[in-house]
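Number of protein chains: 2
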Amino acid sequence: MSKDGLDYLLDPASVAVVGASEDLGKFGGRAFHNLIDGGYEGRIVPINRARDSLRGIEVFPTIADAPGDIDVAVLAVPSQFVDGVVGECAAAGVKACVLISSNFAEAGPEGLGRQNALVETARAAGMRLLGPNCLGLAVPSRGLALSPTVVFTLGGGLTTGNIALVSQSGALMTQMYAAALDTGAGFSACVSVGNQADLELVDVFEHYIDDPESRVITCYVEGLKTPARFARALARAREAGKPVLITKAGRSASGARAVTSHTASIAGEFAAFKAAAAHYGAVLFDEAEDMIRAADVISRCAPARGTRYAVISGSGGAAVLATDKLAATEFGSAVLTDESVAMLADSYAEPHRRLPIDLGASQKSYGPDRSALAAGVVANDPNVDCIIMAMTPQPFIGETVEAFVSAGKAAGKPVLVSAQAGLVRTEMAPALARHDYPSLPGIEAAIRCLRTFRGLAATVPGAAAVETVTIPDGLPVAGALSEIEAKTLLRAAGVVTTGDIFAASRDDAIGAANKLGYPVVLKAQSPTLVHKSDSGGVKVGLADDNAVGAAWDDITASLASNGFDDMAGCVVAEMATGVAEMIVGARYDPAFGPLIVIGFGGVLVEVVEDVQVALAPIAPDYALTMIKRLKLWSLLDGARGRPLADVAAVAEAASRVSHLAASLGERLTVLDVNPLIVGAAGDGAKAVDGRATLAEGK
Amino acid sequence: MSKDGLDYLLDPASVAVVGASEDLGKFGGRAFHNLIDGGYEGRIVPINRARDSLRGIEVFPTIADAPGDIDVAVLAVPSQFVDGVVGECAAAGVKACVLISSNFAEAGPEGLGRQNALVETARAAGMRLLGPNCLGLAVPSRGLALSPTVVFTLGGGLTTGNIALVSQSGALMTQMYAAALDTGAGFSACVSVGNQADLELVDVFEHYIDDPESRVITCYVEGLKTPARFARALARAREAGKPVLITKAGRSASGARAVTSHTASIAGEFAAFKAAAAHYGAVLFDEAEDMIRAADVISRCAPARGTRYAVISGSGGAAVLATDKLAATEFGSAVLTDESVAMLADSYAEPHRRLPIDLGASQKSYGPDRSALAAGVVANDPNVDCIIMAMTPQPFIGETVEAFVSAGKAAGKPVLVSAQAGLVRTEMAPALARHDYPSLPGIEAAIRCLRTFRGLAATVPGAAAVETVTIPDGLPVAGALSEIEAKTLLRAAGVVTTGDIFAASRDDAIGAANKLGYPVVLKAQSPTLVHKSDSGGVKVGLADDNAVGAAWDDITASLASNGFDDMAGCVVAEMATGVAEMIVGARYDPAFGPLIVIGFGGVLVEVVEDVQVALAPIAPDYALTMIKRLKLWSLLDGARGRPLADVAAVAEAASRVSHLAASLGERLTVLDVNPLIVGAAGDGAKAVDGRATLAEGK
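Residue numbers (my numbering), protein chains in the order written: chain A, 35 to 732; chain B, 35 to 732.
For reference, chain A alone in the conformation it holds in the complex (with noise of 0.2 Å):
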């Protein structure tokens, strides 16, 4: 395989720095300084018009007059001169440039001209960009550091490990960089993409996946340009057996809440982008530094078979605050068996021989004797899947960690070390040193881990065929679909649905009651009428005709004082009664495609949020696996006595729906069915109403 523009950035033979000065002020100048002071060993060709030599090396006035080939070259020049030195550099055949400079697309549509033209010298050239707007790149194995940042030496020079980092920030690369140095984090290679007028994050990201120095892929997003293009390169990571971990920024972003769907104000933005990212086994973090920390664990320690922790610590107080913070998550402790727990008999009194163990509660002499036996001893149980240290000032904090890291080490097993104090870090630092291992600031991050751990775990969908689905006749071509249209439209897809007739008036209503056999309900139908029930416009539990005849006149009173004076009529409906109400909803996504939604109906949806989403379609075994992941799944699963709900066939439905979705794409903007009344268990799972919005086809 020839050597790409991103090749070249990362591994060049030759790096011109334009605006190489000895002023660390300025960011040539800085830029310069850290190629030189990162240790980089190619040729480094300083272009400034006004000296002849910087640090000992000659200096060009401009990169025309520079001899031999030069693969990259940095530019960190005022804006304005940005696009004259890209033009000179594509005519002297330099394979790419990193242009920090901003001031471009970020600025306003002036600046996405001039970002434009850019990118078409460059093109015309084949000469790859990465920025503008960014602060370059390290590659800290090579000693390379193409950036007027002055973190990535600061530090000591740079940390050669296996993160492979690309963000879109470039201050926040540093953050992370400088996070990583407080526990030892090393890094294949940081590139930060800025505007991404050439280089965008996924050819960093596709890089990183064929390179063998990178063992885990961190990323930091805040909007994707090709979200397809990133969504393939997660399954390629996944079938390259790299772990993803993300930040995703805007989380909070609500977007634009449409009321007129629970589907499209429950999935939103970010929850395509986390279903997105379960499909692929990708694991999100909300903040960067703890992303660098997981990854560092991943990458240097073995992998937890499970989750069951063993709390060490050199203090009870920090001990048993520890077990309460975990306690509080969904991860269980280990219970030692009870051969280790005779083997820690000679050691420490009976409440300290089992887990969280305070090992300053050792009844023989304390000291390093003593912790290896434990370590030994904890590390090699079996019901131990993971050992989580919560480090206090304490004496002999080096070989007590060391004790714990090796016994990790031998059993195949992650210590997760953590303190809180610079002070404790700085004494354990040496040992981790030794032993190429990480550490963690807190029990937070720790538990952080664990997540990460079963987050690259978890069940993921799997590949589904799409099974076609047909719009069947009669329905609209696009727009709002009516509560009737809506339901046809699921039987169609395969959803058991209420039987249900539309009345346009009282007599009609009392026929079509007679018809589907009572009890019924009345729900009345308004092109504008969302939340039907909030206004009066359902009726349940109607027995007989005079029943229904007293509902529709109630239903009539009731819009018309609620302000609606469009209502077309009733649909009368077969009462569906159930032991759980749901709502399953589905959503075309511009970024990621169809989603699929499962969640609690009724007031619960509101509420407690509490939802699942993932792209369609799913399988029905994954759609229980989401049904499971909700979290008031105890309500379905027998409860406090309840009745066990017909899980299975919520997620034959949800299925149903997914494949609707996929099926239709883009022409389904969005579904609810709404709800969905589960039976007890074997009794199945009814569409008592839904609401759907078509669009053309394209």
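Simulated from the structure, these hints should not be mistaken for laboratory data.
Every residue, glycine too, gets a C-beta built ideally from N, C-alpha and C.
Possibly wrong hints are sitting among the right ones.
[Stated by the list, open to error] What follows is a set of in silico ranges between Cβ atoms, one per label pair, in the way DEER data are often shown: (1) A:D403 - B:G142: 19 to 25 Å; (2) B:R468 - A:R663: 48 to 54 Å; (3) B:A594 - A:A625: 55 to 61 Å; (4) A:G551 - B:P553: 50 to 56 Å; (5) B:V511 - A:N580: 39 to 45 Å; (6) A:P95 - B:R468: 43 to 49 Å; (7) B:N150 - A:D403: 31 to 37 Å; (8) B:A151 - A:G401: 57 to 63 Å.
[To be verified] Each computed SDA-like pair below joins lysine to any residue, with the alpha-carbon atoms no more than 20 Å apart: (9) B:K665 - A:V642; (10) B:K665 - A:A362; (11) A:K665 - B:W667.
Since the structure of chain A is already known, use the hints to place chain B on it.
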């Protein structure tokens, strides 16, 4: 006021170190060196039979040989020698001893015996004891470290400040101290109380209330020896205007999860502690280090008048991640006034003139002047209560922090300066030190500070006079009350209940139903049946005699088939309907006395764990505050067009139950009103079912 033992401990004129040596590997050696290295200016008296002099100070073989008064003796000798040395100290008139040695009460009954003997010896001589099994104390302003831990002197000397700390764990005290070094927090005193053989946590706490150098009191508590005294101390601290921050271990200890009562299972030991803290306006923490950092902010920053935050960063990425995290909390971002936005117009392009502000997005040259301008505008904006800085590696870190801290101080608003990376903290440190200002290690810590501001400003219930409720005649003196008995008790307390009649036979049930008026409910009564509805023991909506008869037969059959053979009959009750189902309960807590519990009924109480607990009694106003703090409060407040519930009636009922609990004290072991059916606003709330257990009066 004469000096007591604790005064001597915290400000001794002379200190003897028993077991002093030059060996830093030993407790005695470290304690001796700490005293010298900490800068203590009082008289130091090393005691060691085998030395004449240590670090140029004369050594005496025993306490008895040492001339002059000795205020405090630090005992760092093996456990078996402690009783002898304590005897010698008592004989020599020492005012207080610090007992570092362990293997006393914490090691079992034999150790407890030896510990009790020490206390007897000390009390007879009027000498106080700290410990045993503790790590002593430090008073930085006196250069005093009576402790073998190296932490007090390792970090470059003792750090003076206004945080007062008392800890039940010695190791955790050293951990909090070490973590404080990272962010520059300082202490008025740190005391670890160990086994609390003589001096207990609350003694130290009370001392801090009166200590002018202690601005904030922080405690690490495992279990309280004298909870009532602790509660009184909390009340006194509140009156004295001293904020109290507490880290309580053992939150996850589920205790005896009694299935016989919702209240007992919901309002366990930790809930009682939490209620007591809320009662006196103390703020609870999960993590000890967070507590110290929040205390530092409280002690050194201006108090926040609200929680509308302004996020500032030098990185757009860090700003948006911080905003995402904050958006997931109960707090809301400030919105700058139009005037402020206009003042930023010259420096920042359109999207960057609003919060969060990315200082890096300055459209003029980026530098300290621009930051100072932004700092002034944000700090003086009337909509901003608190500034949160998410600092990343960037140019002018010190100047930027200084600009905002100065502006915040001038405007009387707190600035929460957060930085994850040590490298950034190091760069900020000089500027923060100049302003005697704290920093935080991340946005999570800033969020906890916002919670502390809110917690300290939160409504507390206030003192309420107990309204006496007398147990009605005819109720059993002790034991479990039947539903009818429990409701009789509730009515005596002024709680509205549904009408009910006990029926021992099918015919009686029909007669009772006719007396109450249809529709009615039938509820099985059996001493062993707790969750009636789970065993088919409840039939609702019975409309006529036939329905009641059929229900009786069903219930009898259902209970029999579920293995209950002790059905005494059924309660026939008036049918209550409403818009919400709540639970109100009471429990006598051995530590804090009568508690009142308010939560959602039905499945929500079990699954969502949404309850509020307070010390009884409470006024209806405060009950309403508690109701509004429920997570699902919006269900009562018209969420999704639901009717407004009669929360005033719920508050009144809860207040009545709280007076019942306060009035009966220990006699009311536990009481559940479950459910309390709540009508729409104005329609009241009725206790539909009740359970209670009485204990014999003392």
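Hint-by-hint comparison with the structure:
Checked against the hint of 19 to 25 Å, the pair D403 (chain A) and G142 (chain B) passes, with Cβ atoms roughly 23 Å apart. At about 51 Å, the CB distance of R468 (chain B) to R663 (chain A) agrees with the hint of 48 to 54 Å. A beta carbon spacing of about 60 Å between A594 (chain B) and A625 (chain A) agrees with the range 55 to 61 Å that was offered as a hint. Taking the beta carbon of each, G551 (chain A) and P553 (chain B) are about 25 Å apart, not inside 50 to 56 Å as hinted.
Look at V511 (chain B) against N580 (chain A): about 56 Å separates their beta carbons, and that is not inside 39 to 45 Å. A hinted range of 43 to 49 Å for the beta carbons of P95 (chain A) and R468 (chain B) is consistent with their spacing of about 45 Å. The beta-carbon spacing between N150 (chain B) and D403 (chain A), approximately 33 Å, falls within the hinted interval of 31 to 37 Å. Hint check: A151 (chain B) to G401 (chain A), Cβ distance near 29 Å, so the stated range 57 to 63 Å is violated.
Our distance criterion of 20 Å between C-alpha atoms is met by K665 (chain B) and V642 (chain A), whose separation comes to about 9 Å. Of the supplied pair hints, the one linking K665 (chain B) and A362 (chain A) holds, its CA atoms being roughly 17 Å apart against a limit of 20 Å. Distance check on the hinted pair: K665 (chain A) and W667 (chain B) sit about 19 Å apart at the alpha-carbon level, within 20 Å; holds.
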